[in-house]
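Following the hints, put chain R in place on chain H, whose structure we already have.
Number of protein chains: 2
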Amino acid sequence: MTTYVYDFASGDAGMRDLLGGKGANLAEMTRLGLPVPPGFTITTEACRHYLQSGGLPPELTDEVHEHLKAVESAMGRRLGDKDDPLLVSVRSGAKFSMPGMMDTVLNIGLNDESVVGLARQSGDDRFAADTYRRLIQMFAKTVQGLDPQPFDAAIDAIKAEAGAATESQLSTEHMWKLVDRFKDLVLTGTGKPFPQQPSEQLWQATEAVFRSWNSERAELYRRREGIASDLGTAVNIVAMVFGNLGEDSGTGVAFTRDPATGAQGIYGDYLTGAQGEDVVAGTHNTVALTELEKIDKASYDKLLAIMETLENHYRDVCDIEFTIERGTLWMLQTRVGKRTAAAAFTIASDLVDDGLISLDEAVGRVSGEQLSQLMFPTFDGENLPAPLVRGIPASPGAAVGTAVFSAERAIEKAQAGQDVILIRRETNPDDLGGMIAAAGILTARGGKTSHAAVVARGMGKTCVCGVEALQVLADHAITADGHTIREGDEISIDGSTGAVWAGRIDVCPSPVARYFTKELPADADRLIRAVDRLMRHADASSRLHVWANADTGADAERAREFGAVGIGLCRTEHMFLGERRQLVERLVLANEEGQKAVLDQLLELQRGDFTEILRAMDGLPVVIRLLDPPLHEFLPSIIDLSIAQATEPTTENEKLLTAVKRLHEHNPMLGLRGVRLGLVIKGLYEMQVSAIAQAALALKQEGLDPRPEIMIPLVADVTELHLSATSARAILNEHGVLAPVGTMIEVPRAALTAGDIATEADFFSFGTNDLTQMTWGFSRDDVEGSFFGKYQELGVFDTSPFATLDTSGVGQLVSQAVKAGRAAQPELHLGVCGEHGGDPESIQFFHAAGLDYVSCSPFRVPVARLAAGQAALADKGGEKSDSR
Amino acid sequence: MTTYVYDFASGDAGMRDLLGGKGANLAEMTRLGLPVPPGFTITTEACRHYLQSGGLPPELTDEVHEHLKAVESAMGRRLGDKDDPLLVSVRSGAKFSMPGMMDTVLNIGLNDESVVGLARQSGDDRFAADTYRRLIQMFAKTVQGLDPQPFDAAIDAIKAEAGAATESQLSTEHMWKLVDRFKDLVLTGTGKPFPQQPSEQLWQATEAVFRSWNSERAELYRRREGIASDLGTAVNIVAMVFGNLGEDSGTGVAFTRDPATGAQGIYGDYLTGAQGEDVVAGTHNTVALTELEKIDKASYDKLLAIMETLENHYRDVCDIEFTIERGTLWMLQTRVGKRTAAAAFTIASDLVDDGLISLDEAVGRVSGEQLSQLMFPTFDGENLPAPLVRGIPASPGAAVGTAVFSAERAIEKAQAGQDVILIRRETNPDDLGGMIAAAGILTARGGKTSHAAVVARGMGKTCVCGVEALQVLADHAITADGHTIREGDEISIDGSTGAVWAGRIDVCPSPVARYFTKELPADADRLIRAVDRLMRHADASSRLHVWANADTGADAERAREFGAVGIGLCRTEHMFLGERRQLVERLVLANEEGQKAVLDQLLELQRGDFTEILRAMDGLPVVIRLLDPPLHEFLPSIIDLSIAQATEPTTENEKLLTAVKRLHEHNPMLGLRGVRLGLVIKGLYEMQVSAIAQAALALKQEGLDPRPEIMIPLVADVTELHLSATSARAILNEHGVLAPVGTMIEVPRAALTAGDIATEADFFSFGTNDLTQMTWGFSRDDVEGSFFGKYQELGVFDTSPFATLDTSGVGQLVSQAVKAGRAAQPELHLGVCGEHGGDPESIQFFHAAGLDYVSCSPFRVPVARLAAGQAALADKGGEKSDSR
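Just so you know, the protein sequences line up as chains H and R, in that order.
Each residue of the first sequence is one higher than the one before, counting from 1 in UniProt numbering.
Each residue of the second sequence is one higher than the one before, counting from 1 in UniProt numbering.
None of these hints come from the bench; they were simulated from the model.
Heads up, a few of these hints could be off.
Where chains are identical, the list cannot tell them apart; a pair therefore holds if satisfied intra-copy or between any two copies.
Unchecked claim - When the alpha-carbon atoms are kept at most 20 angstroms apart in a straight line, the in silico SDA-like pairs for lysine to any residue are as follows:
#1 661 to 644
#2 790 to 591
#3 338 to 263
#4 661 to 433
#5 518 to 558
#6 819 to 808
#7 661 to 637
#8 655 to 406
#9 661 to 432
#10 518 to 314
#11 790 to 722
#12 661 to 408
#13 661 to 638
#14 297 to 444
Chain H extracted, bound-state conformation (with noise of 0.2 angstroms):
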């Protein structure tokens, strides 16, 4: 038979799933023989259960029972008694913490008896009738479903017959009054008298926290946070202990550190005379921790024994929370604590000090998404101004610009040099120019997942989202209180945080970014020092090599100084933007003599952008990939075209229009690009490769060691790969030039031939951004501004395919092509250059696969060469707890 019901004393951390978290916690604590009121945990099966039926599971009526007895005699106390009665909370608590989002009722097992004997056993009578009408608002509200207004307008009524300003006010009196008063609301709002059975009033509350794990906040905190909806939540139900039982009560929260920047010594606040409520809500002014020395020195030093406990056994930072009910100490919560990224850092390397966790678990305490948030530029936090207005923040970052309210000014002022910040109603495909164009995007409407958010991030571009007190018009914007934003303002948006200001805030850029670039200074603070030491454990466990996607040869020294260990993509086609696009169009366009013109004159310009990234990476591969260009891209717009046509005709414009008409294709991702383009235009690819054959002939005559890697992209066939490879390295024995010629794997049917190909490659470099394209079917441009916030709010992935790999899919694939790869060709040289090699949980899987190295954006690189290490520790680790 299924257990629903676990005693506090029988279970422990390990049972989240069942537990949820703090149930889990309760009980370990309890193990520990810390001072937890006594409890039990109605679990998520229970939970599952009535969400599919309905209906509680009928066993669990008699389990609870049994567990209530047996609270009730370590408390000495029944429920309900009308002399000594027990009281209980009824609290949620999922797997993941969902704060503020399900529902919990306090002090159930009042009634009108039992709270005379509650009165009488406190020696309070205000204190009772205060607790009673407390659990009737908050049953009213939370399991009866009541509206709360007219509870709250009862006490603004009984304060203005008492003429009190607060509730601290109302005489004992006045709250039996009020007591009154709710029951009345109660009767007339159900129909009913308020229960005064308590175990209906305890199955009552319980049905509702079930339930609130179905509340529309609950659902669409879980969809943001990625948390799957059929975990369900456990409830917990806890002997009440009260921390307003007078000055000698009081309850607290508190860290073991200092959460924001992992300072060692205890950190929290305690107020005197109150329950957690009272804190949380920030209605009361509490005192630092460090104070209840002087108010109660036992019960102090007892927290403070207990706080050392906790994270010598947890091995981390805890949080906890607490209440002393008349000089007793008891313990209500314990987690392990949120902290800050600079915290994460600081702390992993202390708890190395301080004994409690190896090198090797330091690692692993630390996320590529702290270290990222490390990374980003910041405003200076000690001296900022108040922000104008605040929205959601949805891509990291620091940006100030003036602003621009529409895609078109975007461009023309981005192109003129000034920084902007494109500020939309919302954001749509029609923008992206704009986006690209800006410094940050500031939208009034949409959440994480809206168009601006998912594209931002994509681009790593700093975004605030969803700033609903900004009226966004065609040509300014104006805040809920009245300010405007105009055209060429100054404004700063912290991508970060939600924070807007009018005007220029400067802009600190990071320490820990520039400590990549540099040596350890000698008087590094406690972060850099532990990002170093982290970092460099990280680097000497990894197998994984991490490498960078550049084009020029700026972007290839940053990578370098950033730690990446060669360029895995080196996209030729970026080369020919600009004043050289014109030549592409030419190239496209003419007959087959034309090209050849074109092509010579081609050859001049790449040798020399290879002889510059070749000489920036000196002694480290160089990955070039041949000319990969979405053909529509390098054509004039057929739009622009067709209105010059229609507006002033001429023939050479005609001419031009039927050209373009006749090379548009419908779906150029799908259309002629890549090799296709290689082998249709004659001399294209010979003559990319005659430039690096050249620039590193020239390089080698100064005495430099250049390491060119020649990558064909778009491969779908062994055949295409036999005949670009087959010329390529050809032209690499006339020059004498040794390089290895490999190949994308981008096409899904190249990843399922792998096999044949490798037999025609030195190297494979899965391009995952276009293998995730066509394995889903989904065009980037395309879909993510359109339906992934759709698709992300029904749950059909929590992250973009695009930003995490989709590893049941797209994986499949990667796995499949590396291993029948390495069959045919045991010397196959393995690197990843989508995106996703800078993505830490898709590097965990890239390591797995039994890649050689991941490629990504230079700025990505350290965050890459943690998870390398990471992925490489948790192997290590995955054995030995195996072994267990």
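Only chain R this time, still in chain H's reference frame:
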């Protein structure tokens, strides 16, 4: 050690790979004891050695020498003997017949001495001289690569000198003169005298044949026919026999049955006193083979007996070449005879009656290609006028219409109800609309892989291309002999023969096509009876069912007539064209409320659509695919709107343009389609499922047996299917209608995660069109007309992967998904509804992969039924042949 030479007595018909077709069959006839001149074959392996290394294998010399000795001893003559010389021919012969593509040299072994012996032995001085000059002429051209023109000029000069009108009028003396002149020409051309060493002649001729494998015309032919380029050719060295030794000599070609009609009885041509080349050249008037009975009864009787032996032995129609030298019959070649589509069916059936083959084998003797040829309409073959011009038959069928010279005019006239033939110099993707509108397509440029050809075949549209004799101008075309075709002129084109006529030629509907839609008439002709017999046996043998793709009741009825036992794909987006397009446009552009109103309207219309098709297929399954529109096809053209807005701006137009721009997709193929649209537009799929359920209910009430199945398109992840299928099943339940709910497998990820997806699906239908597009990264609309021709030339593939399933890439996904799907859900029903469902080669794959049915266009149903039967019989046959 490798054996490079096989005597005719030591090979057999099974050794085609090594001996080539000609050599293997000569060996087989030798083994049968038929009179084959002595000889031997140098293998294709020697050729491959030669082509790779540039030289003959060293051990070949000894081997050839030894086999030559055997021939000499068999003939009692020696090569180069001055008294009684042996002459041999050196004949090419590859695995697959490549008629006229490679070289042959006759009369090897003659020199200034042996020619005297030949004269003496033959008693014919003129014959000897003529034979010698033929050797020199052929050797100079073929082996030495000299220009043939001076040799022809020398003959003309001699004829003029002799006052002779033809070569046969030249005297013996003139022949000798010609020998001298030819020898002079060789000396002048090569700087060396004509080689007198017979062995030197032999080796040079052998190398020349090997080299001719890589001649330009041979390469072109292979590419066109899809013959691998690394096979190489064999060389046959055969003792010469002479049909030109007077009236008791002669030569002929024959078939054991009529290859045009399949009629029983021998069929062929005979020419007295001539060599084979004279018959082939068509320069002499041959007589019917039956005349030989009068000319040389003994040889005739012997030939008839041999032909019977051959047909019994090969169990098929044979095509032979023979020579009679002074009353002695020699067999020079045999092979299984090529035949027309009609003959293939009647012969296969007749051979069963003759007891030569089983009915199982007979089904394997015809091809889907032949059946589909028989189903095209034709021009009346008997009374055809001479065509105006001829081109390349690129896509079969007979089309008649008025000429148009632009896509625009084609569309206009077609919309006005006219049949048009679109005439273009060459077509490009802009012509697509016109090609769709036209009854037939005619181009002046390009071969079978040109844009016009590829696209027309894809559409099943009649096409003649590469009519070089036609000069196509802007609004008319001129033939080489000055005939002008103007817009509006009627023309007729035959895509099966390449003929083009001015004026209207009557089109005969195909009697075979008519047969499929009717009961077999009692007076059916031999062809129809043969087709009926083989189709019945194919149906009885097959495991795969054949369903059809149909979107209307009329299409469904036609499919049923052709033998479809279900509709595998009813595309509901086809129900939204025409006047209803506006509704879809409104649906897409409206807000939620507006959408609701449109959906209500659509529900009515769709209920009617579904009622019609379910009624037509009463009692048979109809798989209805929920809407999968490429969004852009339902929206106004962004180019037209932009032009309109630029020229005559209106507010309404601007609003529309903004909306269209917002929805505009860069790659609509990979955009907001299929289930994505179904999940984004609230109520869309629900409306369609309701319409299906209502239609089914209404038909049931009429007492019919509607069997709808609901198919969700473009699923990539199980959650998409879960959401849409759950909703569909709920609606079906509400209506009390039972219907399977399944999904297309057309996105690579769906195939990769088929095990998960199967848990939510009652059936899979492989959409191999889209699956091919995404697996290869090919946008069909763009690539077929753009670089597919080039890719076929380069050998990336022989056949477009859209025509025949790419088994190694796309097929791998299909097999994988079948396996994983069935493992997860043993009851899963599996089919395919891409165009590959009508392609015989692909059907063989689907049979092997274990699908339950294939679904194809109604017209292809008979072909698919035949292929399904063949696939099952090949399985059976495969088992048999294993046990041999």
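Verification of the supplied hints:
1. 661 to 644: both (14 angstroms within a copy, 19 angstroms between copies)
2. 790 to 591: Close across copies (16 angstroms), not inside one copy (47 angstroms); limit 20 angstroms.
3. 338 to 263: Close inside one copy (14 angstroms), not across copies (91 angstroms); limit 20 angstroms.
4. 661 to 433: For residue 661 and residue 433, the Cα distance is within 20 angstroms only across copies (13 angstroms; inside one copy 23 angstroms).
5. 518 to 558: Within one copy, since 11 angstroms is at most 20 angstroms while 77 angstroms is not.
6. 819 to 808: both (16 angstroms within a copy, 17 angstroms between copies)
7. 661 to 637: both (10 angstroms within a copy, 14 angstroms between copies)
8. 655 to 406: Between copies only: 16 angstroms across, 33 angstroms inside.
9. 661 to 432: So residue 661 and residue 432 pass the 20 angstroms test across copies only (12 angstroms; inside, 24 angstroms).
10. 518 to 314: neither (36 angstroms within a copy, 83 angstroms between copies)
11. 790 to 722: between (43 angstroms within a copy, 15 angstroms between copies)
12. 661 to 408: between (26 angstroms within a copy, 14 angstroms between copies)
13. 661 to 638: Answer is both: 7 angstroms inside a copy and 14 angstroms across each meet the 20 angstroms cutoff.
14. 297 to 444: neither (51 angstroms within a copy, 103 angstroms between copies)
In the structure shown, a violation is registered for the earlier hints numbered 10 and 14, in ascending order.
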